[in-house]
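Fit chain B to the supplied structure of chain A, relying on the hints for placement.
Heads up: the sequence lines are chains A and B, in that order. Quick note: the first sequence, position 241, residue 241 per our numbering, numbers continuous. Quick note: the second sequence, position 44, residue 44 per our numbering, numbers continuous.
No false leads were slipped in.
Taking lysine-lysine pairs in the BS3-like style, the calculated list, with each CA pair at most 30 Å apart, reads:
id	chain 1	residue 1	chain 2	residue 2
1	A	Lys10	A	Lys57
2	A	Lys305	A	Lys561
3	B	Lys17	A	Lys158
4	B	Lys21	A	Lys173
5	B	Lys21	A	Lys182
6	B	Lys155	B	Lys71
7	A	Lys9	A	Lys57
8	A	Lys127	B	Lys71
9	A	Lys158	B	Lys69
10	B	Lys17	B	Lys69
11	A	Lys425	B	Lys15
12	A	Lys425	A	Lys747
13	A	Lys103	A	Lys84
14	A	Lys417	B	Lys21
15	A	Lys237	A	Lys250
16	B	Lys17	A	Lys417
17	B	Lys15	A	Lys417
18	A	Lys173	B	Lys71
19	B	Lys69	A	Lys182
20	A	Lys182	B	Lys71
21	B	Lys21	A	Lys816
22	A	Lys217	A	Lys29
23	B	Lys15	B	Lys69
24	A	Lys250	A	Lys103
25	A	Lys275	A	Lys207
26	A	Lys425	B	Lys21
27	B	Lys15	A	Lys158
28	A	Lys158	B	Lys21
29	B	Lys69	A	Lys173
30	A	Lys850	A	Lys305
31	A	Lys115	A	Lys127
32	A	Lys681	A	Lys560
33	A	Lys417	A	Lys860
Chain A is nowhere near these chain B residues, computed Cβ spacing over 12 Å in every case:
id	residue
34	Thr4
35	Asp100
36	Val118
37	Met120
In case anyone wonders, no lab produced these hints; they're calculated from the structure. A quick note: this is a predicted structure, and the numbers were derived from the prediction, not measured. Glycine residues also receive a C-beta, built at the ideal position from the N, C-alpha and C atoms.
These are the residues of each chain, in order.
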Amino acid sequence: MITVTINGKKITLEKQVTVLEAARSAGIKIPTLCHHETLEAFGGCRLCLVEIEKIPKLQTSCTIYITDGMVVHSETERVVNARKAMLEFLLINHPLDCPYCDKAGECDLQDLAAKYGPTTGRFAEGKRTHPESYDDPVIVRNMERCISCTRCVRMCDKVQGASAISMVNRTSKTFVEPFSGKRYDCEYCGNCLSVCPVGAIMSRMYKHKYRPWYIDKNINTICSYCGVGCSVTAQVKGDSLVRVVPEMGKGLNKGLLCVRGRFGYDYVNSSARLKTPLIRRNGELQQVTWSEAFKYAADRLRDIKERYGSEAIAGIAGGRCANEDIYIFQKFIRGVLGSNNIDSIANFSYAPAQRFFERIFGQGVTANSIQGISNSDGIFVVGGDPTSINPILGLQIRAAYQQGIPVITVGDTPGLKRFATCMLKPNPFTETALLVSLLSELKVKKQFLGGNSSFERLINNISALSMKEVEDICGLPTDNIASAVNMLSNMTNPSIVIGKDILQRTDGHINLLLLSAIMYLINGRVYLLSEFPNEQGLVDMGCLPDMLPGGRPIEIESFKKRYEEIVGLNISSTHGLSLSGIIENAYTGKIKAIQIIGENVLSNIPDSNYVGKAFSNLELLIVQDSLMTETAGLAHVVLPSLSWLERKGSYTNLERRMQFMGKAVEGDGLEDWRIISEISKMLSFDMGYKGLEDILSEIARVSPLHKDITYNDISGDECIWPYKGEPLRHGVSLEGMDVPDIGSLLKKPAKDRVYAVFDKELFHPDSLSRKSAAISSISPEPCSRVNRALADRLSVSEGDYLNISTDAGSIEMAVKIDEDIPENVVMIPNNFEGKGIFNIMQWKLNPVLKCPVLDGNEVKLKKAEARS
Amino acid sequence: MNKTDGLIRDIRAIKEKYQSKRAALLPALYLAQREFGWLSPEALEFVAEALDVPKASIKGTATFYAMFKNKPVGRHLIQLCTNVACMIMGAERLVDLLRDKYGIEPNGTSADGRFSLVIMECIGACDTAPAMLINEDFYDNLNKENIIDILENYK
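Extracted from the complex, chain A is given alone in its bound form (with noise of 0.2 Å):
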């Protein structure tokens, strides 16, 4: 215990902490400007400066640790005298030009100079000067208004991992600026702006646009771009959002946020969003009103149930669809539409994977805290690049390596290039032979017998491959694998980290259980890398074709009966098709009906060309949704929802952690139970929802795992699996889980051909933020890379476009040199209309897990034609 007196009051703690952090803990104000809470202690703004007795000079509070016994004075005449001094000396050169600066009202400098400032300056020469810098799309720079408190660079280099900016000269003419002394070449975070205490780096996004004490309400809310469910704050002035920023030290981002959820909010307002209903009469989509649409929708429903039976209309869910919606979607399609068609992008790979998982190692397996990554003590990556996929988890992937927590990286993962203690890249798609490497040279390590249980002993069933081999089919040295392993064996705690592009392989299942005998053997925490908001809550929800709401199995009477009971439906006990399985069927004409809500599938589905032709022979496409997209583009009725920050709701994200949504602005549209009960109604079914109280409630019945769940849990911050309810339990079952045929492995990849590679790039990682004006400016155009002996056998230089061509088609894109990736590689991003990957490839499914497979898509490349 440790006891100080601060301004005469006693306060006792545990820790030893600094005199900043022991006031604050006892409401005792100390201004301080390099200061903050997300940064180490720097010390260089002396505005914390205290008295301490019996150290004759003032010290910073912020950097000085408490002892007992200690005596400290931070108001004194002395102390307050220094403080205006100090800002005496930042006030020379800060341009005092609140009335114009966006910050007034919200400036650390302004508040500290109104309490403690010197009314006038003794310093009688000019201020410096410096242009303000609108060379970046979204950041404007101010140097004129810095007061070198290095909060941004320390941001930058410590916690974001970016390094892209530095104080550049010295003296009065030092100023934060990136390399290029012009536009940041960086991952556009905007960390650097939240932390800026003055109105040096600034948001162009609403420059000029508002005064911050203008703002009449902040509504707390979960950004709607992937899996982690980072708090965001939409602040609104009368009915209009004037922006949405992070809150220092709120929700599991703790006030960071990525490029997407600080800048790409503004997609709500794109000009793509659908305002009225839309029929397509003689090949046109033609705006209607709501009641004939509902009515359009509903008597075509009706009239192909009756003409081709239930098992003729599928239903889509989307991932940015809040669990309200899409519970309510999936009783619609199941109850009232009497199908099991129904599914969602999370069964491609996602949902298999978590089920393969709980198979072995029980529910809830990769319900674990993201905040947990930079607790364990090894991670390893495979499948994808978590700093571009889910930015906010890639931070804490960063920050574990800089504490020296070993990081282990399998494939391209540009983002973690200075933060991987080893960097594992074999040649495209080899990965199985690697993986069954570093397991079987695991087992020797780990001394791993293999008797105990089932699992073990399919795992001893796994034979082996030598280094050797590996060396020839991946290209990777021995000793790099060594090293992996040898660190992989000594981690007693660490956290795996998978993304799609592992399981999206026509080795996909293989890699599945290669990545669980890794886990078992190394006893790691997984997690599981989402594009989505709400992935895990399609899961939950029941937007599977064979599982109920809270993972119950619809085949077994007891929870088809309780389901059927509550809802007041009938419901068939035969599995549906899955999403691979409705477009398959829609391709040769047995599905005649489906119905989208909330999910661009067109895009994010390879290959769009063979679902263009499998929705093109539909009968009926009802896509719901709050933008023009591809997939509406086909449909024939459409039905605009509301968007993000329109609307309340919950979200599920990659924790298993439910948040909640606020709404903070009307919009045009409906939320999606609103038009599907609306339908319903139609099909007279009225499902009687007053409000979203309802269908919680519903939901609280319906599902065993969200028992008795409220807004009020949901909207606190420990929300998280398996909330109050119950998981179902169940025993290991391995049925159906093959040992790899290891011979089929030994094949090498020609070295004279170029393979396509889906890149999950960090601006667009799909269709949705080509739609943000602001991420837009960021990144205007698709850009694939190659490596420099690719781009000079093709004569190609960066910036050139490149013709990207297969058997299914070509498109052309510009080109970008990275010297990280194999020779024989092109990255290909799929985020803009007719320019992906997926427009160019096959559609092939993995065999076990029934999803698009990515691998394989032999290119052909040549230099495109100039352009005009």
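Here is chain B on its own, set in the frame of chain A:
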């Protein structure tokens, strides 16, 4: 390219001597400055690559220290002291001479790119003032006559 091969080798050798790669930054920048003539953006990127330190951080360091050149300099760098002892012994007349004869302003470069002039604050040769450095060569007891002879050795 051959010129920089040696530089990479030298920088990597320095890097080996330190526990942290950032500690090798100052000596590495000196080597790069000698090779490139000044710390151009290319030179900084080169050091960033060789040391594996982010280039923005390197720019911060390179622009902080006065003895790193952040703009191009002539083929030969004259660093002439005009501090008290040298001033008394006529260093300022030497500055005038350089301006008249070679057209070099303090902190400037002659039109032909032959010389750059930096005015130094004491190079520790007060007993033999005035003194100067040309590149890394030291000269003292300067006067209007011998300085021209010395400069003629640098083409």
